[in-house]
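S.K.: According to my numbering, the sequence shown is numbered sequentially starting from 61.
In case anyone wonders, no lab produced these hints; they're calculated from the structure.
DSS-like mimics (lysine-lysine), calculated; alpha carbons at most 30 angstroms apart, straight line: (1) Lys-133 / Lys-156; (2) Lys-133 / Lys-182; (3) Lys-182 / Lys-152; (4) Lys-182 / Lys-156; (5) Lys-182 / Lys-92; (6) Lys-152 / Lys-133.
For each label pair, taking beta carbons as the anchor points, the in silico distance ranges come out as: (7) Ala-109 / Gly-188: 12 to 20 angstroms; (8) Leu-130 / Pro-202: 34 to 42 angstroms; (9) Gly-188 / Ile-111: 20 to 28 angstroms; (10) Gln-100 / Gly-120: 28 to 36 angstroms.
Positions of the beta carbon are idealized from the N, C-alpha and C atoms, including for glycine.
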Amino acid sequence: METWLEDYPHLELLPSDQLFPTGLFPLKQPPKQLYLIGEQAALQAPALAVIGAREATPYGLQAAERCAELAVKRGFAIVSGGARGCDQAGYKGALKSGGTCIVVLAGGADCIYPRRAASLFKTILEAGGLLLSEQPWGFSPPPWAFRLR
61 METWLEDYPH LELLPSDQLF PTGLFPLKQP PKQLYLIGEQ AALQAPALAV
111 IGAREATPYG LQAAERCAEL AVKRGFAIVS GGARGCDQAG YKGALKSGGT
161 CIVVLAGGAD CIYPRRAASL FKTILEAGGL LLSEQPWGFS PPPWAFRLR
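Can you make the complete structure from the sequences, with help from the hints?
M.R.: Written out as structure tokens, the structure is:
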């Protein structure tokens with residue numbers, strides 16, 4: 061675990077908890093538990109996923125950033141997996157507009173992936189965002205976990 065992660069609240073949520081995202085209930089197999097680092101209040105805003113190509117064109121990166129900016133101005137938090145390319149461009153647009161970001165990780169919320177995104181994820185936490193996973197603490201992400209999230 062990155063030592064700087066210790067500076068932020070760590071929380072575990074069960075489906076019976078009031079803050080558990082109700083949008084997960086209709087899933088065929090909703091998570092049995094969520095692990096969070098950061099501000100749990102980030103879960104209270106409606107959210108919009110901004111995702112796209114890792115090897116995005118300059119236009120694709122600009123579009124992802126602009127879509128996130130517009131969504132934030134309408135009260136949405138931005139959700140993504142944090143991959144390079146459009147995912148990270150969406151976060152940058154949200155942060156530039158003062159928005160909230162939620163990073164859904166394939167591994168444990170304390171297992172930063174991709175490693176290159178550590179400084180972005182730290183900025184997200186500093187801005188009141190959240191790192192979230194349905195995998196337990198310390199779970200290093202195997203390839204199958206990326207599609208599961």
